[in-house]
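Student: Taken in sequence, the protein lines are chains W and L.
Be aware that the first sequence starts at 1, since it is given in the working numbering, and climbs by one per residue.
Be aware that the second sequence starts at 281, since it is given in the working numbering, and climbs by one per residue.
Don't read these hints as lab results, they were simulated from the structure.
Don't be surprised by glycine CBs; every beta carbon is placed ideally from N, CA and C.
Keep in mind that a hint or two might mislead.
Stated by the list, open to error - Among chain L residues calculated to face chain W with C-beta under 10 Å, some are:
| # | residue |
| --- | --- |
| 1 | Ala329 |
| 2 | Pro340 |
| 3 | Val354 |
| 4 | Gly360 |
| 5 | Ser363 |
| 6 | Glu382 |
| 7 | Ser403 |
| 8 | Arg480 |
| 9 | Gly484 |
| 10 | Gln488 |
| 11 | Asn526 |
| 12 | Arg537 |
To be verified - Output of the computed footprint for chain L on chain W, the stretches with three or more beta carbons under 8 Å from beta carbons of chain L:
| # | stretch |
| --- | --- |
| 13 | 30–43 |
| 14 | 108–121 |
As the list claims (entries may be wrong) - Per label pair, the in silico range of CB-to-CB distance:
| # | chain 1 | residue 1 | chain 2 | residue 2 | range |
| --- | --- | --- | --- | --- | --- |
| 15 | L | Gly360 | W | Leu199 | 44 to 54 Å |
| 16 | L | Glu406 | W | Ala254 | 49 to 59 Å |
| 17 | L | Pro323 | W | Pro135 | 46 to 56 Å |
| 18 | L | Arg383 | W | Ala57 | 32 to 42 Å |
| 19 | W | Leu59 | L | Arg383 | 41 to 51 Å |
| 20 | L | Ser327 | W | Thr150 | 30 to 40 Å |
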Amino acid sequence: MSTASVPAIESAVVARHTRSYGLAHADWLKLWKRRGLFWTIFAMTVGAEIVAYGVLAILHAANPAHHGPAGGISNLGHGMFILNLLGAVAATVVGASAGSGDLSAGVFRELVVTGRSRLALFAARVPGGLAFLLPFTAVAFAIAAVVSATANGFLPAPSVTLMVESGLWVLAEAAFYFIVSLGLASLTGSRAYTIGILLAWRLILSRILMSISFLGVFREVVPDVHFTRLVPAGVAETLREGPHVPTSLGASIAVLLIWLAVWLAVWLAIGAWRTATRDA
Amino acid sequence: MPRGVAFGYLGPNGAGKTTLIRMLLGLTAAYGGTMTIRGLPVPKRRSEALSRVGAIVDEPRFHGHLTGRENLGVVAAARGRESFGRIQPSLERVGLAQRADERVRAYSMGMRQRLGIARCLLSDPELLILDEPMNGLDPAGILEFRHLIRSLVAEGRTVMLSSHLLDEVEKTCDYVAIVDRGEIVTQGPIDEMRGVDQPRVLIGVVDQLETAKELLEAVTGVVDVRIEEGLLQLALADFDLIPELNERLVGAGFAVRRLEPVQASLEQRFLAITSRLEDA
């Protein structure tokens, strides 16, 4: 290396490090650089799918007569079932981190004193967090889709339409729980409380609500009911093998979509309001 | 507050120093009155007013898992595109360019303070508001920080330094205001606040204090003579009278053992004012 080229390389490095970007990118960066968070989300999404399909493939290879192939439509459903459980938890963790990260680090006030609107600071967390979360979810689903389509053996392979619908469903569910968690974390200012509250809601309270039959159609307010109703038909049966979720309480798909939109709007509004009004 | 000076903002604990700063910066809500920064009303035009303001409230806070440069990038993203071009010059200015790509959690307190100043410089500030910026710094760090503030003032920037370290304010600032119970009690140039507009001198003679007092009272330009703790304390019209006083005493046969101009300190003035307020 010539001595003359060193300053040029240094200035190129500096130029790369100081390239301008927006608030959403900054929010993505804060999440991306958390090594613990990165590997946790990786394990809950991509890692879980690799382990699940790896085990299925090993079992099939070891005893094909007793264990079917790792692929096929039903195993696509199993892969989605894993993402339904762990992916939603991952979305909750990312949302809680995105919503409370600046506050817990004490950096929120440093951002407020820039004069930037607090609503803009809150709004940037949505694309920033989704840009961090959804690639993990997408890669995890891609693993499920590829294995289901290529390692199906004698089982029927999922159609392209089913895979696209299933992929969108998985991404939508992850985005939904991310936004709910983001709004709650912006309200509480605490990552731990947010994760605890949402896990308690999803794993315990919502199950209890859904099993109380005299609540009737009011059980439609529980998001798990909406997502169970909206799951693509080809994988619906497999996904419903898990905890009991009522599949039809009477509301139309349009009403379910409106309920989901209301959930999102309420939590975004709560998060925005608290971000705009809290002492920094 | 005059422009282009280091402005010390003093007050006893609970006087309202930090509260005022937090309201000015939009960190907490104000419920009455009017405020302006750079001639612009806040919070009505907060964004515009703060666009050329840098601030450190208490200790500067950062995302520990990000590097110094990335932390500045996060704030530059909030400030706007042109701030990214100031990241490298700001790091060089505070002497952190070589350590900028290390994670902030590895930084010392002094390095964090300097990074806080670098963050302030991203806005090319007309006004820097520093609340207790020297807390936690060792003597070398305090000296370095003082020089940094003076160099910023030399560039025509205004620095507002809120501190309970009277000695530091005295050494660093040109103007000072004393606040108590939310109101500014007095303010002015630091020399005026110290009381150096009234030159004073302490004189010690071996004996015959009363005779020496009578002799000195007859000198033109001597405003007041008192005997305190075995010394003559004189208020003068001008410090240039001191050689003449010495000549008079020696000529009259007095053995002069001490002759010392009195450097009134800001601390004395501050304590005098605040204790007077407490007595009121």
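Student: Next, verify each hint and record whether it holds.
Tutor: Here is how each hint holds up against the structure:
Using the Cβ-Cβ criterion of 10 Å, the hint placing alanine 329(L) at the interface with chain W is satisfied: the shortest such distance is roughly 7 Å. A hinted interface residue such as proline 340(L) counts as satisfied when its beta carbon comes closer than 10 Å to some beta carbon of chain W; here the least separation is about 7 Å, so the hint holds. Evaluation of the valine 354(L) hint against chain W yields a held restraint, the C-beta minimum of about 4 Å falling below 10 Å. Satisfaction of the interface hint for glycine 360(L) is found here, the shortest Cβ-Cβ separation to chain W being roughly 8 Å, below the 10 Å cut-off.
Because the closest C-beta pair between serine 363(L) and chain W is about 8 Å apart, less than 10 Å, the hint holds. Given the 10 Å rule on beta carbons, the hint for glutamate 382(L) is violated: about 13 Å separates it from the nearest Cβ of chain W. Because the closest C-beta pair between serine 403(L) and chain W is about 7 Å apart, less than 10 Å, the hint holds. The beta carbon of arginine 480(L) comes no nearer than 43 Å to any beta carbon in chain W, farther than 10 Å, and the hint placing it at the interface is violated.
Hint on glycine 484(L) is violated. Least Cβ distance to chain W is approximately 53 Å, over the 10 Å limit. Evaluation of the glutamine 488(L) hint against chain W yields a violated restraint, the C-beta minimum of about 64 Å exceeding 10 Å. The closest approach between the C-beta of asparagine 526(L) and any C-beta of chain W is roughly 55 Å, which is over the 10 Å cut-off, so the hint fails. Evaluation of the arginine 537(L) hint against chain W yields a violated restraint, the C-beta minimum of about 56 Å exceeding 10 Å.
Here's how the stretch 30–43 of chain W fares: 4 of its residues keep a CB closer than 8 Å to some CB of chain L, so the rule of at least three is met and the hint holds. Residues of the stretch 108–121 of chain W lying with their CB closer than 8 Å to a CB of chain L number 10, which satisfies the three-residue condition for coverage. Distance hint for glycine 360(L) and leucine 199(W): a CB-CB separation of about 39 Å, inconsistent with the stated range 44 to 54 Å. Roughly 55 Å separates the CB atoms of glutamate 406(L) and alanine 254(W), a value that falls within the hinted 49 to 59 Å.
At about 39 Å, the CB distance of proline 323(L) to proline 135(W) disagrees with the hint of 46 to 56 Å. The beta-carbon spacing between arginine 383(L) and alanine 57(W), approximately 40 Å, falls within the hinted interval of 32 to 42 Å. Remark: the range hint 41 to 51 Å for leucine 59(W) to arginine 383(L) is upheld by a beta-carbon distance near 43 Å. The given range of 30 to 40 Å is broken by serine 327(L) and threonine 150(W), whose C-beta atoms sit roughly 54 Å from each other.
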